[in-house]
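Asker: What follows is each chain in one-letter form.
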Amino acid sequence: MELSGAEIVVRCLQEEGVEHVFGYPGGAVLYLYDELFKQDKVKHILVRHEQGAVHAADGYARSTDKVGVALVTSGPGVTNAVTGITTAYMDSIPLVVIAGQVPTYAIGEDAFQECDTVGITRPCVKHNFLVKDVKDIALTIKKAFYIAATGRPGPVVVDIPKDITAPTQKAEFKYPQSITMRSYNPVVKGDSGQIKKAAQILLAARRPMVYAGGGVIQGRAASELTEFVRSLGFPCTNTLMGLGGYPATDQQFVGMLGMHGTYEANMAMQHCDVLLAVGARFDDRVIGNPKHFFQEPRTIIHIDIDPSSIAKRVKADVPIVGDVREVLGDLIQQLKATKEKPDPIALNQWWAQIEQWRGRDCLKYDRTSKLIKPQHVVEALYEVTKGDAFVTSDVGQHQMWAAQYYKFDKPRRWINSGGLGTMGFGLPAAMGVRLANPTADVACITGEGSIQMCIQELSTCKQYHFPIKIVNLNNRYLGMVRQWQQIDYSSRYSESYMDALPDFIRLAEAYGHVGMRIEKPADVEPALQEAFKLKDRLVFMDFITDQTENVWPMVKAGKGLSEMLLGSEDL
Amino acid sequence: MRHIISILLENEAGALSRVAGLFSARGYNIESLTVAPTEDFSMSRMTIVTSGSDDIIEQITKQLNKLIDVIKVIDLSEGEHIERELMLVKVRETGRDRAEMKRVTDIFHGRIIDVTDKDYTIELTGTGAKLDAFLSAIDHSMILETVRTGASGVGRGDRILRI
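Here the protein sequences come in this chain order: A and B.
Read left to right, the first sequence gives residues 1 to 571 (my numbering).
Read left to right, the second sequence gives residues 1 to 163 (my numbering).
Source of the hints: derived by calculation from the structure; they are not laboratory data.
A few of these clues could be false.
Unchecked claim - Taking lysine to any residue pairs in the SDA-like style, the calculated list, with each CA pair at most 25 Å apart, reads:
1) Lys62/B <-> Tyr175/A
2) Lys72/B <-> Ala149/A
3) Lys312/A <-> Thr61/B
4) Lys315/A <-> Ile57/B
5) Lys132/A <-> Met43/B
6) Lys170/A <-> Pro123/A
7) Lys312/A <-> Ser42/B
8) Lys143/A <-> Arg325/A
9) Lys142/A <-> Leu8/B
10) Lys132/A <-> Val35/B
11) Lys143/A <-> Asp40/B
12) Lys291/A <-> Leu8/B
13) Lys72/B <-> Gln194/A
14) Lys312/A <-> Arg2/B
15) Lys312/A <-> Met43/B
16) Lys197/A <-> Lys174/A
17) Lys143/A <-> Thr61/B
18) Lys62/B <-> His3/B
19) Lys312/A <-> Asp40/B
20) Lys291/A <-> Gln59/B
21) Lys315/A <-> Gly14/B
22) Lys72/B <-> Lys135/A
23) Lys312/A <-> Pro123/A
24) Lys196/A <-> Ser308/A
25) Lys364/A <-> Glu569/A
26) Lys135/A <-> Ser42/B
27) Lys142/A <-> Ser42/B
28) Lys291/A <-> Met43/B
29) Lys196/A <-> Pro123/A
30) Lys62/B <-> His81/B
31) Lys62/B <-> Ala149/A
32) Lys135/A <-> Asp273/A
33) Lys291/A <-> Arg26/B
34) Lys312/A <-> Gly21/B
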């Protein structure tokens, strides 16, 4: 049967098993919305801003293993979505973003709500398409889902002009069951010779270290990583993107590494003799100054699905290109096949050293303060949710405290914008998480700066009954900016103070939610308990926190991993 | 160091801008870029002359391979290869220098392909270095226009870039 372009798009989404689409209608997508209206397999969530639509689809994808889908109109619909798309791109999140476009005959004429979608999004997508013929829609959407979800995942934009979705143009609909592309064949299996070599190096290590990133989460390799690390008894650290890839409550976990990583993780990174990097990319927030990193000799084994992530900032001695789950599986087999074990004496000595570093207790903070310490709030959230909530965050100090103090034991529970660092991500992402996990506790740890960047989504939460628990660490400062200004700009707090903040309680209430203000440390836990008891309500908890608290430890930009500041006393 | 990178890519709208965009976004140099369809019109062959350290060239080839439209990439300068560039130079016709210009053109195995009463146009092919040498051998004040295609390259013998 011949179908219109709009019918084909909706049928494609159904064929892909898409249950939820986040979007916002507009002129160029009206035919698509008309088709969505006529069916009920694909449910549409109406956000309040296109940035929110893409972040929500992103949170949906991160918390599940599915491709997130967003639908936006042409022009401003697309430009509003760009921040969301770039956020997903930087963190390798599989999304398909369908964008309306002005009719083909109007393209290039500066038509109303026209923009060069393919041009604008080119540098922030894994791939994008402009569909110019109704006959190409099905194959293009198939390709979009395939490209988004395979290899190193990422967002794919499909730009569809209005005239080819109109009922005046029709095409035979047949959704391809599978697809091959001569120009795109992601590697899956790692080279067996390299894996064998890696196994030998790991077994001969005296001071081994495992450093795992977001690739372990996106690559569904958390259980393989855990099995591998436990079988060897090695220390393991996770990047900000990799948290939950290895259980944080496990003794072999040394905490997050990097700019605000633990003392033990950073010191072990710097002083190990064999480093296994898994699905991580040695970025500037992780290893600091590469020159300093190379002052200590070590053998680096680097597993990544993306060859361009290997030897980009740090040369690998044993590069292994492949799917991390496959490669770790093969590595585990290699290690099982041999009777060799790492030298227990050397490993014990190494652990003794690490325990000594751990003994510095770098995450300690003042627990007797009369002011609410933000770290205390995160710890209390961890206790109240029994460590089993999905936690989204925005960007800044609160994000680092969430990463440091909420111990994630499972993958896909920690949802944050690591690469792009997008303020405004937390709340819409939480909507996607909750929609995908309708019985789970979902908390959004945020600050009074970030939350205001996508606050309009409180309205979406009301419409669709997303009972998210917002934990607002309100210090009346753009805290991370203030921290850098204190340390590097002689405490000249240029534009980092938030004056004239809204009354968040009344704001939450105005949107139809529950608001709470918490001003005393003793009230932190009871407030959280009460909030999580309100199972079907969104609760906005405004924690008035210590204005001067900083995130420690800290490796200043351009410094080396072992040049950490452990607290204000090091300034 | 100078490298010649050969790319086989889908002959799709926008494929060129994906490659060019990659170079500008990541701050890589492009000395020249040429592209045209191959005998199979569904594919284009592109030659990029670039420069950078070995690490940068490695990143360039990896990043190019990551582009969905790119089918294959090789660094021609890693092995034996042939490189050619076409140049058209329009020079002022002046009585006395006319014979000298013809002589230099012959030495460089160029051809005079068009003559008017005021100027003539010389066609020259060769490596970029040869074309540079020609330009420095003639009097610059006589040059009206220089048009160069940028290098195209092919590997020698069994080094074949195809699917």
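Asker: Could you check the structure against the hints above and give me the numbers of any it violates, in ascending order?
Answerer: Hints 1, 6, 7, 12, 15, 16, 19, 21, 22, 28, 29, 32 not satisfied by this model.
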